[in-house]
Amino acid sequence: MRSGWWIGAFALAAVHAQTQAPFTPARTPDGQPDLQGMYTRNGVVGLEAKPPENPIDPSGNNPLSVSTRGDGLGPYPKIFGEGATALRGGARRQQRRTGIVDPEDRNLPWRPEQDAKRRDFLLHMNPPADLRHVELNARCALPGLFQGEDNNNPYQFLQRAGEVVMLYDYNHTSRVIHLDGRPHLGKDLRLFMGDSIGHWEGNTLVVDTTNFNDRTSYSREIPYLTDALHTVERFTISDANSIDYEVTIDDPGLFTKPWKIAGYFTRVPKDIQSLEFACAEGSETLVNMFGKPPVQPSVR
Amino acid sequence: MKFFLWTMILGALPLAAHHAFAAEFDVNLPVKVKGTVTKVDWVNPHAWLYVDVKDADGKVVNWHFELGPPNALFRLGWKKDSIPAGTEVSITGFRAKAQETVANGRSIILPDGRELFSGGSGPGSNKPDDSK
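Residue numbers (this note's numbering), protein chains in the order written: chain A, 61 to 360; chain B, 53 to 184.
Hints listed in this document are in silico derivations from the structure and should not be mistaken for laboratory results.
Errors might be hidden in some of the hints.
Where chain A lies over chain B, by a calculated footprint (3+ residues, C-beta under 8 Å) [unchecked claim]:
{"#": "1", "stretch": "70-80"}
{"#": "2", "stretch": "93-101"}
{"#": "3", "stretch": "130-143"}
{"#": "4", "stretch": "150-162"}
Simulated restraints on C-beta separations [claimed, not checked]:
{"#": "5", "chain 1": "B", "residue 1": "95", "chain 2": "A", "residue 2": "275", "range": "22 to 32 Å"}
{"#": "6", "chain 1": "B", "residue 1": "132", "chain 2": "A", "residue 2": "156", "range": "31 to 41 Å"}
{"#": "7", "chain 1": "A", "residue 1": "90", "chain 2": "B", "residue 2": "138", "range": "49 to 59 Å"}
All C-beta atoms, glycine included, are put in the ideal place defined by N, C-alpha and C.
Okay, chain B solo, but in the shape it has when bound (with noise of 0.2 Å):
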């Protein structure tokens, strides 16, 4: 059970995906929060990650993580729970440019340090198939 066992391989971005990154995100404004997770939304054609993230005021908002298509992350080993509700997660991505809590998820790391999105690049590290 290695720490990257739970890394998750999407189909290819850029070069394939729903919707370019670049017109709705913006690489500029990266994002790092960490907060508690109030849902996980299965919807096409991507799903969503809803997290609460406390401000430095102390007020709490929602954040929302977009996410792969859920056919992506259920091929790709994702269930229904693997993120339940009450989970808190660290969790980094690029901010939507016409939304001030709206991002694209890109990594995020679990209570127990796995990490879901990226890995390691070493060979064996994140290839759910590197065993075939």
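Pulled out of the complex, with its shape left as it was, chain A reads as follows (with noise of 0.2 Å):
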């Protein structure tokens, strides 16, 4: 009896380890782990613990709230917030802490001054006072790092020897990674997405970014960021179909420690396709918000 349920034991135990042990990717023909194909991030909101109240992203607890008319008719139906599901064809991953992860009280480490400034910058964004207070995607701005997922658009990664690039669907962006140790391109270099340069660590691809301009923004209740701005994020391929994601965001141009967000990249259907997106070809955003300007342009 009692060798019995030391069997059992043993036996649940291997199981356990079973589930457990890590996954062994395949290689590229440059002996990298594999991480080709196209997914959705999951999870990567800088969602604080008191973010302020923002006029232009409303939320239940915001009194200007689109949400809270009361009569059912806010200006999305719910089930607008569904379509991540659709691109991951109904699939889940399993749970893991996401969001802001460091610190653990999701209380942002702001400079004082830098808290108060941006406080005062979202006041100021509806309506807009001026252009510069036009949210930075609505002029289509480059996403950066942080807002590359606007309508669920999904990322793809393809590596080359030497290099992993990522493939943003929203914007047609891009960003190289570079593997083959060169340095950090000069200071006075300043980018969109950064210079981004990898190395892998086990199943993790290990990514310094630096050489950021100050025209991204992290998220809706943190507009904008700063040049001094420097990334390290970490990709470990966790299953076939998932690729666990932390970035460590070190702006001592607004924060006075860094801080860090987790997420996670899961397999879209295989026949989901990235599509052009050209962001400047239509928007009509600052007419809708400004109206027409004095002369109207005789193309389009």
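Two chains, each in its own frame: build the complex with the hints.
So, in structure tokens, the structure goes:
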């Protein structure tokens, strides 16, 4: 009886060990762990513990919210938020903590004067006081590292010898992550997507990015960043269909110390392809906010 | 073929979208019009639906309704001819802050009663992947 219990316990332990065994991905011709494919990213939302009231991004807690009309006629039906499910083909991944994971309490280490400044900035975004106060995405700026999943737009990973390439469906953007050990660009070169240098640690792609400009944003509550930003991302291939994602954000222009976001990528159904997204093509946002310009362009 | 089979689901809003709704459209200016579709413009970052609407004086005005981006519409089942020109529609939305005949489209009712965009919230009524 007693030995039977032990056998059972060992069997359970063996099963547990099997389910916890690290996934072994295929290799690319140059020996990199193969993470190629099309994925959606989940969880990378800068949800602070106490976000400021944001007139352009109403929520249920916001008195200016479009969802507090009380007549059920918010601007979008609640099913809008389910687009990611359609892209995933219904597949769900085991839940892990996402969003801001460090600090634990999700209170970001703001420099007090910078926190006050962004709270004031937000109050001038609706109605926008001027062009500077129109959110960057609405001006078709490239999305940077944090704003690429817009309408649940997927990301495609490609690998060549010495490079990992991320193609963004949103705004038709790309990032090339160099694995050849080159140094970062000179400090005067500033890029929307930054300059990314990477290396592999087992099944984890570690990416160090600098040389950002200050024309992208973290979120609607943090509508800009500074060109002092330095990020370290960790893309860990966790199984055949998932990549765990962490990014450590060091932006001494706004924060007193680094903080960290976690999320994950999930592979999308095979029939999903990346399509062109030319943001500037037909954007009427500024006209709808400010009215038509005095002189109409003669061509579209 | 359920009533809401054509229900379309777009990306998460307002948390995720090319622009925030509130800075561009006025939630206090809801609109509901009936009219004839003149065209659907499949452009980024948002497709546009154009509808001829007769005002109280019988004058025809062309309204512009913003839709989701083409990528999202396509992935969720829209086709180029989903709403051909000439289709009579009833459409609700919210007016642009600075444009009198421009709105954010919320719900489009087709002549046979099918509804684009909004649908019932009951299980099975509005998710393309409910069967999975």
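State whether the coverage of the stretch 93-101 of chain B by chain A holds or is violated, taking the criterion as 3 or more residues with Cβ-Cβ distances under 8 Å. holds (count 6)
Go check the stretch 130-143 of chain B versus chain A for me, would you? Three or more residues, Cβ under 8 Å, otherwise it fails. Contact hint for the stretch 130-143 of chain B vs chain A: violated, 0 residues under 8 Å.
The stretch 70-80 of chain B covered by chain A? Criterion: 3 or more residues, Cβ-Cβ distance below 8 Å. holds (count 9)
Mind checking, does the stretch 150-162 of chain B have 3 or more residues with a CB under 8 Å from chain A? holds (count 6)
Hint says 31 to 41 Å; check whether the CB-CB distance for residue 132 of chain B and residue 156 of chain A agrees. At roughly 40 Å between Cβ atoms, residue 156 of chain A and residue 132 of chain B fall inside 31 to 41 Å, so the hint holds.
Satisfaction of the hinted span 22 to 32 Å by the C-beta atoms belonging to residue 95 of chain B and residue 275 of chain A: For residue 95 of chain B and residue 275 of chain A the Cβ distance comes to about 24 Å; the hint holds.
Is it true that the C-beta distance of residue 90 of chain A to residue 138 of chain B lies inside 49 to 59 Å, as the hint says? holds, 56 Å
Consistency note: the structure conflicts with earlier hint 3 alone.
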